[in-house]
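Enquirer: Make a model of the complete structure from these sequences and hints.
Chains as they are written, first to last, in the working numbering: chain A, 1068 to 1181; chain B, 1414 to 1525.
Honestly, the hints are just simulated from the structure, not real lab data. Among these hints, one or two may not hold up.
[Stated by the list, open to error] Computed list of chain B residues with no C-beta within reach of chain A, every gap over 10 Å:
{"no.": "1", "residue": "Gln1447"}
{"no.": "2", "residue": "Gln1494"}
{"no.": "3", "residue": "Ala1499"}
{"no.": "4", "residue": "Lys1512"}
{"no.": "5", "residue": "Thr1517"}
[Said to hold, decoys possible] Keeping only pairs whose Cα atoms sit at most 25 Å apart, straight-line, the calculated PhoX-like set for lysine-lysine is:
{"no.": "6", "chain 1": "A", "residue 1": "Lys1135", "chain 2": "A", "residue 2": "Lys1145"}
{"no.": "7", "chain 1": "A", "residue 1": "Lys1145", "chain 2": "B", "residue 2": "Lys1512"}
{"no.": "8", "chain 1": "B", "residue 1": "Lys1512", "chain 2": "A", "residue 2": "Lys1091"}
{"no.": "9", "chain 1": "B", "residue 1": "Lys1416", "chain 2": "A", "residue 2": "Lys1135"}
[As the list claims (entries may be wrong)] Ranges of calculated distance between the beta carbons of each label pair, as one might list FRET restraints:
{"no.": "10", "chain 1": "A", "residue 1": "Leu1181", "chain 2": "B", "residue 2": "Leu1483", "range": "18 to 24 Å"}
{"no.": "11", "chain 1": "A", "residue 1": "Thr1105", "chain 2": "B", "residue 2": "Gln1427", "range": "30 to 36 Å"}
{"no.": "12", "chain 1": "B", "residue 1": "Gln1427", "chain 2": "A", "residue 2": "Ser1154", "range": "19 to 25 Å"}
{"no.": "13", "chain 1": "B", "residue 1": "Val1458", "chain 2": "A", "residue 2": "Pro1137", "range": "37 to 43 Å"}
{"no.": "14", "chain 1": "B", "residue 1": "Leu1524", "chain 2": "A", "residue 2": "Arg1108", "range": "38 to 44 Å"}
{"no.": "15", "chain 1": "A", "residue 1": "Thr1105", "chain 2": "B", "residue 2": "Leu1424", "range": "19 to 25 Å"}
{"no.": "16", "chain 1": "A", "residue 1": "Gly1083", "chain 2": "B", "residue 2": "Glu1469", "range": "50 to 56 Å"}
{"no.": "17", "chain 1": "B", "residue 1": "Asn1425", "chain 2": "A", "residue 2": "Arg1168", "range": "30 to 36 Å"}
{"no.": "18", "chain 1": "B", "residue 1": "Lys1416", "chain 2": "A", "residue 2": "Thr1087", "range": "47 to 53 Å"}
{"no.": "19", "chain 1": "B", "residue 1": "Ala1525", "chain 2": "A", "residue 2": "Thr1087", "range": "28 to 34 Å"}
{"no.": "20", "chain 1": "A", "residue 1": "Arg1168", "chain 2": "B", "residue 2": "Lys1484", "range": "19 to 25 Å"}
We put the CB at the ideal spot given by N, CA and C, even for glycine.
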Amino acid sequence: DAGVIQSPRHEVTEMGQEVTLRCKPISGHNSLFWYRQTMMRGLELLIYFNNNVPIDDSGMPEDRFSAKMPNASFSTLKIQPSEPRDSAVYFCASSLDSGERAQYFGPGTRLTVL
Amino acid sequence: SQKIEQNSEALNIQEGKTATLTCNYTNYSPAYLQWYRQDPGRGPVFLLLIRENEKEKRKERLKVTFDTTLKQSLFHITASQPADSATYLCALPRGGTYKYIFGTGTRLKVLA
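Expert: Right under this line is the structure:
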């Protein structure tokens, strides 16, 4: 398996633009997580899906952020409009709801909003 | 509020020595705790899970302890190598859910 796939790996955009981050989880995993990592705040959970259903989105900073999981093999995180304070590395992770529940992280998308 | 604390300062140790990293938590009673490794520019990689009824768990040169009375987990790397240099994060599930809280991580540097 190729692991969790994220695209793009780097995104530079201007304030006010829409940004869409994409994630393909590991096949067979039924949980998907979106995280944001910054030096100041560390790794923060934004939203968690189980069996394609959003279970907890309390970490989504504000209405500018939205996430979807239309099927088991694809998820998106959208920021509209983007702001400079959204600059961070965004990680997608997937896991199985059994055993050690290890989260497998993608390589991340480094977002810079100018 | 629920909080996880890891040493924010970097830990430098000599090759061959044992590295010990600490994860303290408050206002939690997690059923288990996980440790991850993160290299610069990469996503975290899962290392170990320890459950509340396990005092200690080992995997190759790694050893993790879990003291629910002290609300602390210790992560040990024995016979450390420069390749072990990375940031190590602990993670706990919040309130019986799969909503994980991560510590800020401790950066370990093993000197040759």
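Enquirer: Look at the Cβ atoms of asparagine 1425 (chain B) and arginine 1168 (chain A) and judge whether their distance stays inside 30 to 36 Å.
Expert: At roughly 32 Å between Cβ atoms, arginine 1168 (chain A) and asparagine 1425 (chain B) fall inside 30 to 36 Å, so the hint holds.
Enquirer: For the pair alanine 1525 (chain B) and threonine 1087 (chain A), does the Cβ-Cβ distance stay inside 28 to 34 Å?
Expert: violated (44 Å)
Enquirer: Classify the label on alanine 1499 (chain B) as holds or violated, using whether its beta-carbon is more than 10 Å from each beta-carbon of chain A.
Expert: The claim stands: alanine 1499 (chain B) keeps its Cβ more than 10 Å from every Cβ of chain A (closest is about 14 Å).
Enquirer: Between leucine 1181 (chain A) and leucine 1483 (chain B), does the C-beta distance stay in 18 to 24 Å?
Expert: For leucine 1483 (chain B) against leucine 1181 (chain A), whose Cβ atoms are near 46 Å apart, the range 18 to 24 Å is violated.
Enquirer: Over 10 Å from every CB of chain A: does glutamine 1447 (chain B) meet that, or does the non-interface label fail?
Expert: violated (7 Å)
Enquirer: Return holds or violated for the Cβ distance of glycine 1083 (chain A) and glutamate 1469 (chain B) against the range 50 to 56 Å.
Expert: Given range 50 to 56 Å: holds, Cβ gap about 53 Å.
Enquirer: Range first: 30 to 36 Å. Now tell me if the beta carbons of threonine 1105 (chain A) and glutamine 1427 (chain B) are that far apart.
Expert: holds (32 Å)
Enquirer: Is the hinted range of 19 to 25 Å satisfied by the C-beta distance from glutamine 1427 (chain B) to serine 1154 (chain A)?
Expert: violated (37 Å)
Enquirer: For the pair we were handed, lysine 1145 (chain A) and lysine 1512 (chain B), check the Cα-Cα distance against 25 Å.
Expert: OK: lysine 1145 (chain A) and lysine 1512 (chain B) at ~21 Å, within 25 Å.
Enquirer: With the threshold set at 25 Å, check whether the alpha-carbon distance from lysine 1512 (chain B) to lysine 1091 (chain A) stays at or below it.
Expert: holds (20 Å)
Enquirer: I want to verify a distance hint. Is the separation of the beta carbons of valine 1458 (chain B) and proline 1137 (chain A) within 37 to 43 Å?
Expert: Violated, since valine 1458 (chain B) and proline 1137 (chain A) (Cβ atoms, about 28 Å apart) do not stay within the stated range.
Enquirer: Glutamine 1494 (chain B): least C-beta distance to chain A exceeds 10 Å?
Expert: Given that every Cβ of chain A is farther than 10 Å from that of glutamine 1494 (chain B), nearest at about 23 Å, it holds.
The structure shown violates the earlier hints numbered 1, 4, 5, 9, 10, 12, 13, 14, 18, 19.
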